[in-house]
Structure formats: C-alpha cells, structure tokens
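Visitor: Just so you know, the sequences run in chain order A and B.
Per this note's numbering, residue 1 is the first one in the first sequence, and the count goes up by one each step.
Per this note's numbering, residue 250 is the first one in the second sequence, and the count goes up by one each step.
Note that these hints are calculated values from the structure, not bench results.
As the structure is a prediction and not an experimental result, all values here were calculated from the model.
All residues carry an ideal CB built from backbone N, CA and C; glycine is no exception.
Be careful, since some hints might not be right.
Pair ranges (Cβ atoms, derived) [as the list claims (entries may be wrong)]: (1) K15(A) <-> R571(B): 30 to 38 Å; (2) D69(A) <-> I533(B): 33 to 41 Å; (3) A50(A) <-> T631(B): 55 to 63 Å; (4) D84(A) <-> G531(B): 53 to 61 Å; (5) A50(A) <-> L272(B): 42 to 50 Å; (6) R154(A) <-> G540(B): 38 to 46 Å; (7) D69(A) <-> S547(B): 35 to 43 Å; (8) S525(B) <-> Q96(A): 37 to 45 Å; (9) R571(B) <-> Q158(A): 30 to 38 Å.
Covered by chain A, per the in silico footprint, the following chain B stretches (three or more residues, Cβ under 8 Å) [unchecked claim]: (10) 265–275; (11) 568–574.
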Amino acid sequence: MTGGVSKHDRLFVMKELSKTRPSSEKGQGFRLHVPFVQVEAKRVYALTGASGSGKSTFLALAAMALRPDEGGEFIFQPDANEVDIIALWHRHSVDQMAALRSKYVGVVLQQGGLISSLTVRDNILLPARLVGVDRSQQLAMLVSRLEIPGILKRRPAQISVGQRQRVAIARALINSPKLILADEPTASVDPLTADKIFDLLVQLVDETGAALIVASHDWDRVQRSGFSRLHQTVEANERGVVSTMEVAA
Amino acid sequence: MSALRHSRNGVAWVAARDVFNELLLTSCTVLALIAVLAPLLILFSLKFGLIDTLAQRLIEDVRNREIVIISSANLTADWFEKMRARDDVEFAVPTTRTIAASFNSVQHRAERKTVRGLSMIPTQTGDPLLGPLSDLIEEPEQVILSSLAAERLHVKVGQSLRARIQRTRNNSAEAQFLELEVVGIAENWAETEPAAFVSLDLLVATEDYRDGLAVSAFAWPGETPRNLIREFPRFRLYARSIYDIPGLRDHLVETERLDVRTQAAAIEAMRSLDQSLSTVFGIIATVAIGGFALALGSILAANVQRKRRELSVLRLIGAPLRAIVAFPVTQALIIATAGLVGSFIIFLLVSRGLNDIFDHAIRTGETISQLRFSHVVTACLTTIGLAVVSSLWAGSAATRIEPAEGLADV
Numbered sequence: 001m002t003g004g005v006s007k008h009d010r011l012f013v014m015k016e017l018s019k020t021r022p023s024s025e026k027g028q029g030f031r032l033h034v035p036f037v038q039v040e041a042k043r044v045y046a047l048t049g050a051s052g053s054g055k056s057t058f059l060a061l062a063a064m065a066l067r068p069d070e071g072g073e074f075i076f077q078p079d080a081n082e083v084d085i086i087a088l089w090h091r092h093s094v095d096q097m098a099a100l101r102s103k104y105v106g107v108v109l110q111q112g113g114l115i116s117s118l119t120v121r122d123n124i125l126l127p128a129r130l131v132g133v134d135r136s137q138q139l140a141m142l143v144s145r146l147e148i149p150g151i152l153k154r155r156p157a158q159i160s161v162g163q164r165q166r167v168a169i170a171r172a173l174i175n176s177p178k179l180i181l182a183d184e185p186t187a188s189v190d191p192l193t194a195d196k197i198f199d200l201l202v203q204l205v206d207e208t209g210a211a212l213i214v215a216s217h218d219w220d221r222v223q224r225s226g227f228s229r230l231h232q233t234v235e236a237n238e239r240g241v242v243s244t245m246e247v248a249a
Numbered sequence: 250m251s252a253l254r255h256s257r258n259g260v261a262w263v264a265a266r267d268v269f270n271e272l273l274l275t276s277c278t279v280l281a282l283i284a285v286l287a288p289l290l291i292l293f294s295l296k297f298g299l300i301d302t303l304a305q306r307l308i309e310d311v312r313n314r315e316i317v318i319i320s321s322a323n324l325t326a327d328w329f330e331k332m333r334a335r336d337d338v339e340f341a342v343p344t345t346r347t348i349a350a351s352f353n354s355v356q357h358r359a360e361r362k363t364v365r366g367l368s369m370i371p372t373q374t375g376d377p378l379l380g381p382l383s384d385l386i387e388e389p390e391q392v393i394l395s396s397l398a399a400e401r402l403h404v405k406v407g408q409s410l411r412a413r414i415q416r417t418r419n420n421s422a423e424a425q426f427l428e429l430e431v432v433g434i435a436e437n438w439a440e441t442e443p444a445a446f447v448s449l450d451l452l453v454a455t456e457d458y459r460d461g462l463a464v465s466a467f468a469w470p471g472e473t474p475r476n477l478i479r480e481f482p483r484f485r486l487y488a489r490s491i492y493d494i495p496g497l498r499d500h501l502v503e504t505e506r507l508d509v510r511t512q513a514a515a516i517e518a519m520r521s522l523d524q525s526l527s528t529v530f531g532i533i534a535t536v537a538i539g540g541f542a543l544a545l546g547s548i549l550a551a552n553v554q555r556k557r558r559e560l561s562v563l564r565l566i567g568a569p570l571r572a573i574v575a576f577p578v579t580q581a582l583i584i585a586t587a588g589l590v591g592s593f594i595i596f597l598l599v600s601r602g603l604n605d606i607f608d609h610a611i612r613t614g615e616t617i618s619q620l621r622f623s624h625v626v627t628a629c630l631t632t633i634g635l636a637v638v639s640s641l642w643a644g645s646a647a648t649r650i651e652p653a654e655g656l657a658d659v
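Put together the whole structure using the sequences plus the hints.
Guide: And the structure:
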C-alpha cells in the first residue's frame, strides 16, 4: 500500500494535494490536506473519519470530479501509462477526465444516486451505454450475485433502500472498473442489510481485482472486512477545520 | 461511433426517458406550446387562404386584366400590331363606335325567339375572355353567343340565327338580313346584357353599312368606300398579367395619350391589404413565439435545476460536459415535436371547420384557410430551431453542474 510497491501495482498517487473551501456566512472554512496517499490495485481502503472530515471531498478528488488547489501531485495509472491529473485540470480537460472515470472508475453513492426515470436494469447498464459497449453478461452476473433479479424492471422509487444500494453497486461494477469509490454505501440501511451489502461489495471487488476505497463512519464493520485504513487527523484553527489524510501507519 | 456520440446518445436517451416519465409536466409544456402554435397556424392559414383566394381571383379573372378605353381615339391597324408585339399585352382587337356595334335584332325562327339590340363584341383567336372558343370563328357569319343571349334565343351550338342590320339612308330605313351560325356559347362569361362575339370583319362591315357604305363581302349596297386608312375609336385590350397593368396603363396614358380605366386600384388595395396583414401577423407571431421560447427555456432550465443531482451523477459516471447539453436539447426536441403534431391536428380540424362554414362564399378549389407545404416546413423548422435555441440556456446551466455534486457533502 505504501512505499516499496512497484509502479505497476500503483493505481494512483497523491502528494501534497489539498482542497480548500473558504469560510462563508453559512459555516467555517475547510481544508483537506493529503500529504501522501498511494492506492494500489486489488486493495481495499477505508476512510473512517467523522462526519464533515472530508471523506466525500477526498473521494471527489480521487474521482477527478473536484479540482484540487494549486500545487501538489496526482498521478492516475490505470494501465501502463501514467496520467497527470493536475495537468488535465490545468488544461481544463474535464471530458478527458470523464472518459477516465467512465472507463476506470465506479462510484457507489450514499443514497444510491440512481436515475429516477430509468428502470433498475437501465440504471445498471447506464455507464455501459455511455461508452457504447454491450455488458449484458456482466449484468447477468452482477444481478445474480447481488440477488436483485426480480426488480430489474422496477424504478428506483419502487424498491427498498437496501435494494437501491445493491443496484448502485451493480452500476459501479458494470464497466469492470479498476477503482471503486463508495461513499457511505451502507449509511441508509439497517445494520443487518449493511453487513450483507458490505460483504457483497468486498467480495465482488475482490473477484474483479479492482481497488476499493470506502468512506464509512462505521470502523468496526470496516475492520471486520479487512480494510486498510486511510488515517485522518482533523484540527480546528482560526481559519476553520483542517483535515489531514494519510496512509495509516 | 465516437466516444462523445455514445455518451451524447446515452444522455439524450436518459432525457427522453425523463420526459416520458414525467408525463404530466411534459403534457403541460406541450399544451403550452400548442396554445401558442395552433392559433398562429390558424391565423396564418386564414391570412394566406383569404389573401391567396382574393389574389387568385384577381389574377384568374381576365376582366381584371382588361384595360378599358374611356375616350375615343384614332387607332390604326399598325397601332394594334405594335400593341400585340408588346410583352405585357396578351390580346388586342379593335372595336368600332359603340353605336355601330350591335345587331338591331337577332331571331331564332324555329323557336320564335328574338333579341333586339344584341351587342357585338369583336373577337379573334387568343381572346382571353373566350379561351379556346375564340378559335371557332372562321367565317364572318359565325358567332359565339353569350350564355344569356343563347338562353333568350333558345339556341344551341350549330343552329342558325337571322340577324337584322338596319340603317337610315336618304331619310329612309334600309335593312340587311344575315344568316348567322352559332359556333359556340360562352358559358362562363358573367354578363349583364346578352352579347354576341363576332369577327372583326363582321363588325367593320356593320359599321360601314350603317355609315351608308356598300359592303362587297356581303353584297350589301351603298356608297363606294373611300380608300382611306381605317381608324378605330376603341379597343379590347388585355394585359398578360395583373402585374403588367400598371406599366401598360402608364404607357397608354403617358406615351399614347389615351384615357383608360383599369383594375389597378383594386389590385393595389389587395397588395396593400396583404402587406398590412403580413405586418400584423408578423408582430403577433414574433411576440407569441418569443414568449413561448422564453417560457420553454425557463421550463427546461427549471427542469435542469430539478434534475441537478441526477445530471451530476451522469457526469460522475462518465458523461462528458459536452454530452450533458443533450439533456435539455433532447427534451426541447421532444416537446417541440409533440407540440407541432398537436398543433397541426388542431389546425387541420379547425381549418376544415372554417372551410365548411365559409363554403358558400368560396368557389370550387378555393379555401378560406390553407397552408402550403412550404409553410408547414417553415413552421416546423422555426419551432424546432427556437426550441433548440431556448434549450441552450438550460444547456448552459447544465454544463455548470459539477460531477462532485453527485457525492454528498462535497
């Protein structure tokens, strides 16, 4: 996970990366600081900070969905080639980053983040549709593993919260991504369902050989699942909250 | 297919599903479009139908192309040749003095019917008032009767009539009788008085006879005609189209110094009405369509705001910025198409109703309310074009949605 790892196993590395939100009338300022984080292929990581500690901000940075502050380094290496994400932000190559996301990154959102007008089946296949590939075999496998075959024709509003999370996992995995980012995937479900969903997510990620970063406030569950921890320290100063995220010792 | 096209199609597909999923909201927007577009189509079709009908009547009615001479002139055969050679003249034939241009009486002996004082109208091949009938007169004794004259004489084509031409010479009345052959009946000629279309030769012979001259062609006695160049006081003159009238009138008045009367004023009035209506329609259409474009734009922008989270999710799972614009554009296209279809259905129903209601006031082939194919195409292209333009406002808002918004608490 940290130093000593060959470049070939490295999925991305962030060095001295930060994201600042200035203080506003609504709240105090916030700065996420990432001195060094390296994420390797086929590993699972947990972000277990408290609410407001910048977990989602870190995931957004990792998803190339949020522009970091000036300075720092962010190299994404989904295959033999390294991609300098900071340079892409400088060039405002947002569509190139969107292409990287659709090909290599799957995202599981807190409430599922499903499209309300699409059926479950269409929601799961949406990332494949956006890149124009046929993923019906992958769909069949995921539906079977996630035990959601009976709800494929339903809309998100017609299924339970737990089922929505399973659908969100299926959607995140449909394009067989190299990196899966999950933001509080079990926050909205009861503990029993949460355990099941968590186990399924970890199993599927393990089978696909992807790397997984999960933001969760539930350290016990994460620990039971054998995650590595991305350590956060949160300090408050006169300018607001500073959250530092590093690889745990 | 390029990666961008795949993702654009994907986003467009989601937008379409969204439109159909929110059927109530979509229906309201489509109805709003129909409420603007259908009355505009009807208004335009009425404007076009009425004006076109009037214009067509003006163009088609040959009488509107006639230039009538008011005063008496001295026009030679050369003058008529010159006039016939002009591009703006369709037909020109001399006419004698009015007083000489009639039969004293015409009798259909078999039916014992007589018409007194039957007007003689000179005609020749190419007479626009008679159309193909004008070719039928080959001999001076052959005539074409107006339908009113034929009716009063109970005569049919091929039957004979006996005409009486009378003159007073040396204080005594003299008359000649002429056997006329009816070669045609001018059915469609709206007339107030019965008339007979005759060859110029017969008309000239009648005038000569009444002037006391001998007419050798019919063996009518009288004084020997002097060998002067004949001059005609009047003419029957038709412009090639109503649009040639102003120029031809100016030529006759300014160059030939003749007093003439035309339908130019009526034609000008129609053109002016058309222009005024076009202006009024243009203002109404601009205000209505402009208002609708704004309304549609704001509805689409509001929808983008409502779907902000879903659009950010679309971006988060890999839809490029340029493809996101397809969301409101697709919705605009669907709404515009549905609005157009609805508007044309309503237009067709109302238009048919209007044409039925005003059926008594129009002639065969005419319509009060009508649109040409080019109007339909223009309406479609304008509506779809405006819908796309107004959706770009929402599109621009959509591109400002960040993918990170899909993640909570960012």
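Visitor: If a hint holds in the structure, say so; if it does not, say that too.
Guide: Here is what the structure says about each hint:
1. The given range of 30 to 38 Å is respected by K15(A) and R571(B), whose C-beta atoms sit roughly 31 Å from each other.
2. Evaluation of the 33 to 41 Å hint for D69(A) and I533(B) yields a failure: the beta carbon distance comes to about 56 Å.
3. Here the CB-CB span from A50(A) to T631(B) is close to 58 Å, well matched to the stated 55 to 63 Å.
4. At about 57 Å, the CB distance of D84(A) to G531(B) agrees with the hint of 53 to 61 Å.
5. Taking 42 to 50 Å as the suggested C-beta distance range, the pair A50(A) and L272(B) conforms, at roughly 44 Å.
6. Remark: the range hint 38 to 46 Å for R154(A) to G540(B) is upheld by a beta-carbon distance near 40 Å.
7. Between D69(A) and S547(B), the C-beta spacing of about 36 Å keeps the proposed range 35 to 43 Å intact.
8. For the pair S525(B) and Q96(A), the supplied restraint of 37 to 45 Å is violated, since their beta-carbon distance comes to about 58 Å.
9. At roughly 33 Å, the beta carbons of R571(B) and Q158(A) sit within the given window of 30 to 38 Å.
10. Chain A is given as covering the stretch 265–275 of chain B, and this holds because 5 residues of the stretch bring a CB closer than 8 Å to a CB of that chain, at least three being needed.
11. Taking a C-beta to C-beta cut-off of 8 Å, the stretch 568–574 of chain B contributes 5 residues in contact with chain A, enough for the three needed, and the coverage statement holds.
Checked against the numbered hints given earlier, this structure breaks hints 2, 8; the rest are met.
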